[in-house]
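Undergrad: Residue strings, one per chain:
Protein chains: 2
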Amino acid sequence: MSTAVSPLAPPDVPEMPVITGVRLATAAAGIRYKGRTDVLLALMDKGTTVAGVFTKSKCPSAPVEWCRARLKGGSARALVVNSGNANAFTGKTGKASTALTAQIASKAVGCSTSDVFLASTGVIGEPLDATKFDGVLAQLAETATPDHWMDAAKAIMTTDTFPKVATATVKLGKAKVTINGMAKGAGMIMPDMATMLSFIFTDAPLSAGVLQSLLKAGVEDTFNALTIDGDTSTSDTLLAFATGAAAANGAPKISRASDPRLKAFTKAFQQILASLSEQVARDGEGARKLVEVVVEGATTKPSARKIAMSIANSPLVKTAIAGEDANWGRVVMAVGKAGEPANRDKLSISFNGIRVARSGARDPSYNEKEVSEAMKAPKIQIKVALGLGKAKDRVLTCDLTKEYVAINGDYRS
Amino acid sequence: MSTAVSPLAPPDVPEMPVITGVRLATAAAGIRYKGRTDVLLALMDKGTTVAGVFTKSKCPSAPVEWCRARLKGGSARALVVNSGNANAFTGKTGKASTALTAQIASKAVGCSTSDVFLASTGVIGEPLDATKFDGVLAQLAETATPDHWMDAAKAIMTTDTFPKVATATVKLGKAKVTINGMAKGAGMIMPDMATMLSFIFTDAPLSAGVLQSLLKAGVEDTFNALTIDGDTSTSDTLLAFATGAAAANGAPKISRASDPRLKAFTKAFQQILASLSEQVARDGEGARKLVEVVVEGATTKPSARKIAMSIANSPLVKTAIAGEDANWGRVVMAVGKAGEPANRDKLSISFNGIRVARSGARDPSYNEKEVSEAMKAPKIQIKVALGLGKAKDRVLTCDLTKEYVAINGDYRS
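From first to last, the protein sequence lines stand for chains A and B.
Under the numbering used here, the first residue of the first sequence is numbered 1, with each subsequent residue one higher.
Under the numbering used here, the first residue of the second sequence is numbered 1, with each subsequent residue one higher.
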């Protein structure tokens with residue numbers, strides 16, 4: 001495992017403010033790692049609502065199944081996250097393990113197990129020994145404090161090279177409300193896969209339904225428009241919690257997603273998701289370049305998305321970016337294989353604003369030296385203009401380097 | 001570019017017999033390479049029928065469009081293949097270039113341009129100067145001989161590390177007929193992509209319709225069940241030619257695909273396609289392991305194919321194989337993301353016959369040492385039993401190594 005921080009890590013880390021109604025604590029439970037924290041307990045005051053979106057995998061982890069079933073209640077008091085073991089592909093013991101973890105947490109917090117949410121990331125196929133949480137969670141519940149955000153973001157890391165946090169403060173009605181978020185991204189632990197976990201907290205008084213609507217709409221152009229290697233973890237989890245504490249300062253209670261007072265909040269919420277998902281791309285395994293794929297002139301947005309994903313997931317495009325090569329031929333290939341409407345002779349392709357191809361052939365003004373220079377930048381934008389319609393979309397990814405292969409293939413050698 | 005022959009190259013190369021009615025010649029036209037042949041001319045006697053299947057790319061190369069349009073005629077007299085330039089993404093000049101090449105060939109051979117078939121592989125986005133064929137093709141037409149098969153297979157190589165040929169002789173009626181095939185596989189030339197070209201020749205008297213049926217059915221479980229990196233070239237071309245010369249020896253003329261006399265021929269034809277497509281997998285860029293993914297117990301064959309392809313294209317699975325790691329967790333992940341019916345708790349997974357997981361958890365008999373030893377083999381079979389139905393399918397691929405990234409990403413550095 002590399003310990004060097006990704007060269008794409010954001011230079012500035014925000015100060016994370018308190019969210020009234022949320023307390024955090026972390027511990028080293030020795031689930032797999034030595035000498036680092038691996039359990040996060042988040043405590044939420046009574047009245048906290050919850051929403052979630054999860055992996056689309058047909059083989060989800062036990063914690064994903066646990067959370068999906070508990071979401072119906074709409075209320076949450078505790079979130080337990082562990083790194084080191086994903087509790088995935090663990091058969092019936094996996095289910096028993098989530099139930100035991102929730103039981104230990106519910107006792108520690110003094111709430112129903114149906115108000116306990118769980119997420120696990122790490123090795124898969126190994127039974128998770130939930131008895132390790134016994135004692136630990138009770139102690140965490142006692143020591144939890146409101147100002148523990150960076151520690152929390154660190155406790156959920158696996159091979160992430162930096163903790164990922166974002167925060168925003170906006171007006172809801174006339175009151176100030178705060179949104180904090182954290183994420184862990186494309187790391188892997190042998191023998192495991194990349195798993196994305198993210199948790200958002202706010203003191204805004206939002207119903208569970210409103211929160212779910214915000215989340216569902218919010219991920220569409222952020223976490224769902226992100227790919228590292230096209231592989232989908234069995235454990236991907238994004239949960240949002242709203243304590244409602246800002247109601248005490250006069251924030252209006254929002255129970256309809258269409259409420260016009262939500263406008264600024266929605267925008268800030270979306271920005272938090274955008275920031276966290278971009279940070280995940282910046283910490284892609286072995287990543288040396290952040291890659292933004294923009295497809296415009298498509299017949300529909302889903303069509304633009306599919307083409308953008310085809311480009312973003314193409315190993316040949318990703319290795320070209322790693323080689324600082326403005327290889328538009330591979331971009332044409334990826335457009336062509338997407339199966340969506342495309343006309344070779346109308347295609348234009350730019351790298352970082354420099355058009356290299358137009359009308360299905362090399363741009364007459366193409367200047368190899370100028371393009372080569374531009375490809376040295378740490379952020380590369382590939383823009384494809386299809387010339388068919390008015391729809392556009394955007395996807396984030398990273399390059400494919402030898403380090404990716406080393407991280408994912410070398411550890412047995 | 002590496003010049004070392006893939007460690008997965010077949011140890012034995014067959015003697016390629018003559019196909020009556022086919023003559024071959026190669027030349028060094030200097031299209032891109034120095035010191036090697038880069039043009040193949042195949043001449044077919046009058047009465048030769050033709051069939052073809054092509055890339056599904058929405059942005060096909062000019063030669064693909066040329067061949068598609070000419071297939072309707074059903075007859076062929078000449079095939080011109082060049083390496084070094086793919087004549088893809090070359091706009092209107094690409095179309096003009098195919099027309100000029102066909103014109104030069106038709107003069108050299110003395111046939112209609114509608115009987116000329118073309119394939120190009122190599123750099124894309126560069127205009128192909130078809131005037132380079134002037135003179136060359138006329139000379140090739142004069143010097144063509146029936147026994148030039150290995151030279152032909154070499155002339156169409158790009159970054160292939162070995163020429164790919166296969167041959168079979170079977171009875172059609174009471175007469176002996178022969179099938180010869182050649183292919184070039186997943187190579188790339190800067191700035192280009194992998195392109196698969198394959199050409200099959202037989203002296204069997206088959207109508208164009210029969211040949212097309214054989215080809216369409218034959219690729220389904222061979223070339224279409226093959227993936228190197230999930231990327232689809234704009235130039236993939238597979239053409240089959242039947243000279244009918246064996247009719248002189250008493251071979252029956254076959255004009256219906258359902259003709260029972262075709263049985264042995266169909267089997268041999270399929271074996272040629274299987275051999276060539278496996279050779280392409282064995283020469284995947286940077287490949288060190290041939291990987292066979294078998295999915296059984298699926299609800300339908302297309303569902304099994306989709307799951308097998310999801311596994312075969314997963315960078316995490318492919319890097320694990322490169323690392324000789326029987327990482328069944330990543331296989332579960334790839335099953336889950338395929339979106340097809342799957343039940344985590346019914347899954348069984350084996351590597352080279354050793355079951356590592358069953359009923360959605362690690363196999364109790366799992367022996368790390370035994371599995372690790374098995375993973376050192378040059379051919380790895382991943383078998384997934386879904387436990388849902390009776391359908392099965394199989395896909396071939398190779399591992400993902402640092403050499404793949406080096407071949408595709410390093411050349412600018």
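Possibly wrong hints are sitting among the right ones.
Copies of the same chain look alike in the list, so a pair counts if it fits in one copy or across any two.
[To be verified] Calculated cross-link-like contacts (lysine to aspartate or glutamate; reagent style DMTMM-like; alpha-carbon spacing at most 25 Å):
id, residue 1, residue 2
1, Lys174, Asp259
2, Lys267, Glu296
3, Lys301, Asp134
4, Lys92, Asp345
5, Lys95, Asp363
6, Lys107, Asp45
7, Lys174, Glu220
8, Lys58, Glu292
9, Lys216, Asp147
10, Lys95, Asp345
Quick caveat, the hints were computed from the structure, so don't treat them as lab data.
Given the structure is predicted, the values throughout are model-derived calculations rather than measurements.
Undergrad: With reference to the structure, classify each hint as holding or not holding.
TA: Evaluated hints:
1. Lys174 to Asp259: Within. Shortest intra-copy distance 15 Å satisfies the 25 Å Cα cut-off; inter-copy 82 Å does not.
2. Lys267 to Glu296: within (23 Å within a copy, 47 Å between copies)
3. Lys301 to Asp134: neither (49 Å within a copy, 47 Å between copies)
4. Lys92 to Asp345: Answer is between: at 8 Å across copies they meet the 25 Å cutoff, but 55 Å inside does not.
5. Lys95 to Asp363: between (58 Å within a copy, 18 Å between copies)
6. Lys107 to Asp45: within (15 Å within a copy, 86 Å between copies)
7. Lys174 to Glu220: Neither way: Lys174 and Glu220 sit 29 Å apart in one copy and 64 Å across, limit 25 Å.
8. Lys58 to Glu292: Between copies only: 23 Å across chains, 28 Å inside a chain, cut-off 25 Å.
9. Lys216 to Asp147: Cα proximity of Lys216 and Asp147: none, with 28 Å in one copy and 65 Å across.
10. Lys95 to Asp345: between (54 Å within a copy, 11 Å between copies)
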